[in-house]
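> Now for the letters of each chain:
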Amino acid sequence: MSTATELKQLYQKSKKRKILAILSLFLALLLAVVVSVSLGAGSPGFAEATQVIFSKFFPFLNINPGPRLTQTIILDFRLPRIVLALIAGAGLAASGATMQGVLRNPLVSSHILGISSAAGFGAALAIVLGVGVLGGFGGYLVIVNAFLFSLLAMVIVYGIARIRGITTETVILAGVAISFLFSALISLLQYLAPEHDALHAIVFWLMGGLSAATWDGILIVFPIVVLTVALMVQQSWNINVLSMGEEVATSLGVSSKRVLTITMVLETLATASIIAFTGVIGFVCLISPHVARMLIGSDHRFLIPCSSLIGACLLLCSDTVGRLVIQPVELPVGIVTSLLGVPFFIYILASKRRQNWR
Amino acid sequence: MALKLTVNKLSFKYDGTQVLKDVDMEVKLGEMLSIVGPNGSGKSTLLKCINRILKTQQNTVLIDGEDTNKLNLKELSRIMGYVPQSSTNTFPFTVFDIVLMGRKPYIHWSLSERDTEIVAEMMDYIGIGELAMRHYNEISGGEQQKVIIARALAQQPQFLLLDEPTSSLDIKHQLEILCILKSLAKTKHCSVIVAMHDLNLASRFSDRMLMLKQGSIFTVGTPDAVLTEENIESVYGIKTQVTNSVLGSPQVTPLISEFNGIRPLKTPPKVETIDRRA
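Chains A and B, in that order, give the protein sequences. To convert a position in the first sequence, counted from 1, into this note's numbering, add 28. To convert a position in the second sequence, counted from 1, into this note's numbering, add 5.
No lab work stands behind these hints: they were computed from the structure. A quick note: this is a predicted structure, and the numbers were derived from the prediction, not measured. Wrong hints could be hidden among the right ones.
[Said to hold, decoys possible] Simulated coverage check for chain A against chain B, where a stretch passes if three residues somewhere in it have a Cβ under 8 angstroms from a Cβ of chain B:
#1 36-45
#2 278-287
#3 325-335
All residues carry an ideal CB built from backbone N, CA and C; glycine is no exception.
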């Protein structure tokens, strides 16, 4: 029988292993960024790409920025797209990990809670009618509308769930109902869409993509995602405790209603702000937490950061493949994520001896 | 150090149905009290009311004369630990992670050295050290129950509440767990309040027993006083014979007879036989 001191050491060791895993993921992500920057149409190679980036962000080094065309390709197109992929992947995956943990359900994603379809409806409404909740807003009409409708969905889900008392079951059921409602409304708009262009635009938006990435958009999404993910990590202990059930959480001094409400708001803000800019990208937030759990277990202090890194990696790799595979045509990232992610996921599912869900 | 838990005229309604009515009880430091009674008599509800998982009126649950409704959940969770009937977990947590959750009432964000130390000590004490890095969902039911008890002890509670902790365990695990509870009480580490079904185990390990009938206290006292043939008949509606066990505690043997309404030989209804080869 191991003594208390040995047990303590055993735990410290397992903790170190988790931190090491997270660090290696971070390095892998950096590598992916470097590779992605130097690949693509009209391609400046790795050396030129680094040259441009260093001259832009470290002007005091006095590096020659290189030809103007290269600069434009790297700084205005490729880099914002990569950065948005990282932010979106990380934010969606962290939200997925948080909500799966809080709702004790491995199938939860932004689809199931109605956020995606509400955002889709908001966008479709803006595309078809050219009007948004806040009236004209220039190019931001679709984005603002998608964001506001996601928030609206969360408020409705929360309101419905409150009728029977906020529990994991009521939230999930209300979410599923609202999700179906907005999906039906999207179909209705598609059916009634007056012109072919609008229909095409809706379908394109619903597939999700990163090609519209701009630095302006990133400046809005980045702070929101960083803040909400940080606050999700801060809730880690509460989420851990809640995963043993609501009664146990109460007996450990944690109010499940409070934690559910807080995490729902965080998740919606993060997901809504991302989806508004990228369109519906669903798979990342479902799958990344599972991959992370297989790697480092379910302690949310480590799970949420680990899941974010995996999400960022997955989305970036998928988008890079989508950019390159049948040039000059680009595949939307939503499609590539599933095409690449599913076989990858099945592979780890089959290769892992441990039973993770029972 | 809290010394005394008092329950004062506790009543509880669940969707309009009266589940508990005017329950008065008292538990002193170092005491092991078992709550017995038929299914639906309110044992679990009573434990949940004491632990404020279910909300009660003011001034019904008091610790050293102070109303627990005035404490917040976190403060209360440092005084009381709760072990539910069964605990499942959807996601893969290690045993150590689960026991660590018992430190939640004391941690903000970072774990102190002392926190991991307490967890390790409790696991060692309960005898689940070998399981530390196993996944909770992969160990046996008896082992799981020990893990949950270790978690409750990591809360460093003065009152430990358990809801039928031994109901689904084999006889060895039943004895092991009750021995742990008994030693916790005897060494005045904490008081133990345990809802139980098995009258013989309850009689052997408890200092006092509380018998519930339809949400009210039928009788309370030492096992000898509570476990009489008359009490059992009026609460459970069955005839029994109470003898002294080899250890001196009262031993209940249920009698099967026509009088109890439990017919030993009841012929099952006739069903036509089906030729399965057809």
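> Would you mind marking each hint as holding or not holding in the structure?
A quick look at each hint next to the structure:
Counting residues of the region 36-45 of chain A whose CB falls under 8 angstroms from any CB of chain B gives 5; the rule of at least 3 is met. Taking a C-beta to C-beta cut-off of 8 angstroms, the region 278-287 of chain A contributes 6 residues in contact with chain B, enough for the three needed, and the coverage statement holds. Check result for the region 325-335 of chain A against chain B: holds, 3 residues qualifying (beta carbon to beta carbon below 8 angstroms, three or more required).
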